[in-house]
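Starting from two chains that each stand alone, build the complex the way the hints lay out.
Listed below, chain by chain, are the residues.
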Amino acid sequence: MPEISPPDQWSCPLPVRAGERVVLGHGGGGVLSAELIEQVILPAFGGAPAGGLRDSALVDVPAALADGGRLAFSTDSYVVAPLFFPGGSIGDLAVHGTINDLAMSGALPLMLSCGLILEEGLEIDTLARVARDMGRAAHAAGVPIGTGDTKVVGQGHADGLYVNTAGIGVVPAGVEIGPARARPGDVVIVSGPIGEHGVAILSQREGLEFGTTLRTDSASLHRMVAGLLSAGIDVRVLRDPTRGGLAASLTEIAADSRVGVVLDEAAVPVPDAVAAACGFLGLDPLHVANEGKLVAVVAPDDADPALAVMGADPAGRGAAVVGSITDAHPGLLVGRTRLGARRVIDRPLGEQLPRIC
Amino acid sequence: MRFLDEFADPVLARRMIEQIKATATRTWTLMEVCGGQTHSIIRNGVDTLLAGAVEFIHGPGCPVCVTPLEMIDRSLEIASRPDVVFCSFGDMLRVPGSGRDLFHVRADGGDVRVVYSPLDAVRIAADNPAKQVVFFGVGFETTAPANAMAVVAARERGLRNFSMLVSHVRVPPAITAVMRSPRCRVEGFLAAGHVCTVMGTAEYGPLVERFGVPIVVTGFEPLDLLAGVRQSVELLEAGAPALRNAYPRAVAAEGNPVAQRVLADVFEVCDRKWRGIGEIPASGWRLSGEWADFDAGRRFAVDDLEVRESPDCRAGEVLQGLLKPHHCPAFGSRCTPRSPLGATMVSSEGACAAYYAFRRLEVPSGA
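So the protein sequences, as listed, match chains A and B. Going from the first sequence to the working numbering is simple: count from 1 and add 2. Going from the second sequence to the working numbering is simple: count from 1 and add 1.
No false leads were slipped in.
Quick look at which bits of chain B chain A covers, simulated, 3 or more residues with Cβ under 8 Å:
| hint | region |
| --- | --- |
| 1 | 7-18 |
| 2 | 40-51 |
| 3 | 338-349 |
Derived by calculation from the structure, the hints in this document are not laboratory data. Ideal Cβ positions, reconstructed from N, Cα and C, are used throughout, including at glycine.
Same shape as in the complex, but just chain B (with noise of 0.2 Å):
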């Protein structure tokens, strides 16, 4: 395919990684942030193709696996009302809440979509004058302007029946508590190209001066991964951490202007609790004051939920990347796809799901 199929040139790629290996002088451990690059590093095996040189540390960026269990028992206790339309990006019906997921709701009688744009929830909103109708508005900074956008498009067309369930999250916080944890192993991050498509490479110098370690934006094909794997081993050989963008065909320094001034009108930066992890100081946006009439929160009381997280599910650990997927004790038995104990297992972009559906070659599973 034009323009895809030229970064995933083999030839390129073999060479790309005999450099690498031929200049890394030990195994250098760095972390990517993002669930699609663990995906697209684990599918296309290119950890084992490095392995010797990098070890690759599977970071917390994937949107699913961290969205706080409330948040998600929240989700599912508002889609079960009758008078409610609940849409949601496919990839979050099936996390396991307490009890269930949303494929469940749906099954019980509750009318939940699965839509490809918040406008599509917009519309639909417009469409059932009768109906409230509520997106779940999840995702990184990615996905974020797209989000406020559609709050903007509903205050516009005067739609009194939406409103959305936020829990939007930030990279550059993230990095920071993974630094900060005693038992951080990671030398240096790729950080997610498409992030900084939309917030540019400003949050991560001062995240390199004060950690001392390279970061790297890197994209999502395997030439873009290893060019920013090429990069970062360069500088940590180097002794020289500094911020790099090897996606330059995508990132601009600057991000993109038009999204954050959106992102900075209709959200405002709040402490979030992490599926797994934690609360983590200024890492999540809510809707702002102005705009606290579309939030689904405050629209739909929900306060007596019990939260039940299993408490054999060391997710927490594998988006900190303290714990490999395969070292987990109830990987592959306990925890499948199919009964998963937490998001990892479930999400598209999950740690656990890629090394369960990837490498059952070199990993156990009692499956």
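Same shape as in the complex, but just chain A (with noise of 0.2 Å):
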């Protein structure tokens, strides 16, 4: 696996003259591509592999491995529009929510892979910047991104870029973590205020303005999950509440595990400008998207130590339990309201759409 220096360090500035364009010989696999790779897209990621550009990258078999442990394996595609928004870009979006889709089993993640789709008349210098912010993620995250591939695709084809990450991690010898272990009596931890990314990628795409700039949650996730095992906590399930938002992961927790859930809904943190702009446009701060919380499910003497490990990590401020599993009515997410009564949450049928008024 290759060591990452710190992005200081890096061969940039890039050599790309202002006004620049993806071409389709881009994607041509010629002398172009070779240009885009070497000048653009290994300067930001932190150099080439060690030994050299293959193939495939080589992975050595951690420790953990012959120990006992499994390989996890994701993959996730970013298509989202606009490409910079407050707080981050689809570049380290994509760098986070591979990492953290590993670290929801429970992984820790080991290399990044990184397929680009171009459409031509991208200018250069926008994918040097969300380059850049991929490496930058990645060296944050220490998780090094070793294998990649670019294509470009016609005008109309794509909406600027696209990027897919894959990765893969080792989930240690004893974690068990999954969709179908929570019980009733454990308890609902969420990690952090909801809402803020879908609401300021929402901002950022339709020109709104809400008051406040809410920014991304964006962040990856992977150590203050290594942090709940290594401090012995019995995590039985891990959401990453992304598309969907809180109420998405809950109920699938529900179906899964085949388990009611019970969620306090004066519990559960919603910034002001959350609730504000969600207030404004008749959507569910429940239903919204998040890129930096998770939801933990876990045994009910782990509470207080788990929202401790979470409140340690910068990731985690604002950590709160906000529900318990039941066996009263199976598959289903129940809201407590706020006056105490209650209410069945589902997820979105699709997209949430904006009311009338």
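So this is what it looks like as structure tokens:
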């Protein structure tokens, strides 16, 4: 596995001339392709992997595998528009997202891949910014981008650029985190305020101002998960509540574990700006996407220690117990409203739609 | 959240609920006219907390639900044209027409865009002079002034490629229609606060006189709703129907005169068909003669539509308060948000959608 030097030692500045754009030839596998990779992408990622560029990355077998650990393998594609938004970009999102997908299985991420689909006409400077964000995020997370691929499609066939990241990691022996492991009596914890990413994207995409600048919460969560595991906490289920938000994650846990989930709506941390924006648009904060939060179902006695571990992580500020697992209504997520009544909380059918009035 | 959390305070809410229950000597039937209120009632569980004192009957105040099928089909036909950019608020996109919805039109290549303001559609028209830009003008008195302003703005900018498909509706004639139904069980109305913010309260006094029912202007947060319910129950117990304003922080008796002037200038009252209910006299607005050149209905001749409503859909009875959503035989089985028979199961303000989303603990659902 290649070692990554810090970004300030990387071989930027990039040799990108202002106004240069991606042309179809950048995806043709010839000189232009090689230049794009060598002059734009690899410097942004912290240099070529040790041992040079090959058709596949080589990964040393970690000791945890030999000790009974298992490989975790995940992939995700990022098609977000706009490419840049308050607090982040499609680049760091793609790195954080796949690291988090691995972490939600209890895996320690080893390496990422990066597939780029570029639209003809994209400014190379834009690509360089995205690649730099990926490199920085990967470096901060301590997870290298070890292999990749670049394709170019014609104008109108992509929204500037798309990113696919895949990642592998190792789940240490004895760690069993899975969607079906929630048990009645368990406690549901969310690692911080919800809804910031979705509203930040919406505000940027639609040019809406909400009086407060909301930033994405995009962050890597694998260190927080490692902290929970090393503290000996019995983590039953982990989810990152991305698309579909907290409601989707909790309804999936209810369905997979065949238990009921009770959500104390008053305990869910919703920032004022998120609540205001959602009220204005007729959206439910519970359905809004997050990119740097996790939901943990833990054994009842582990709630306080888990909160302490999360609170010690920069991405875990504002962690709170928001609910519990019950056998009363298997398969359903039920909210306890602020007034003390009950309601079913469901996933939205598709995209949430802003209402008329 | 400041200025909003105050109106969801659980301790105050509990106190008001107890007051209402202590006041009510029997179960009173109240109709909340507005779909936004329906969802707030169901979402917060206000109806279950007041069981025994108040039965809520859900009214026709969801603009998405009552937009007639012909109008939906017309929108689909216009939106399908290659030279058209069709702009709409988001929640119209999933409303089923006779065959498909605006999402399907978009998937088939139509240029259908979600906007957050009708002025966004005007801007799109200015930016796309080679296209015809059509805005779907749907809503009650709440949204009508802004839509009227969009037409004014388009004329001021000299845009010849902007038009509006207008299907606006008015609340007071709907209350009249509900009260005239021989099956009506409504004993009092919670009038929609947002509507009265624009129109004031003058239209409601004559309805109180005519039908002998209390009408209380009511807001949307839990405490706002409870305040409206409390005043309604007090009036009913006293046997003294009257018009009250339980939402004074937003509603003035005279409403918003500027908005009313724009409405009076751009629109004129007309008879309007309501989906599932039928035609209600003087219940709609259309562009007045002076503004008729912005009427998309005229600009795009769409006459030979074959309208096909599902015979199994009983949304009309739901909208008139004659049927509870979960008492419909199709509820949750043949009719779900994934495959809706009617708009009340689709709209974010629809009563059937509210019951499906929030009430599956208490009501049967085959889905």
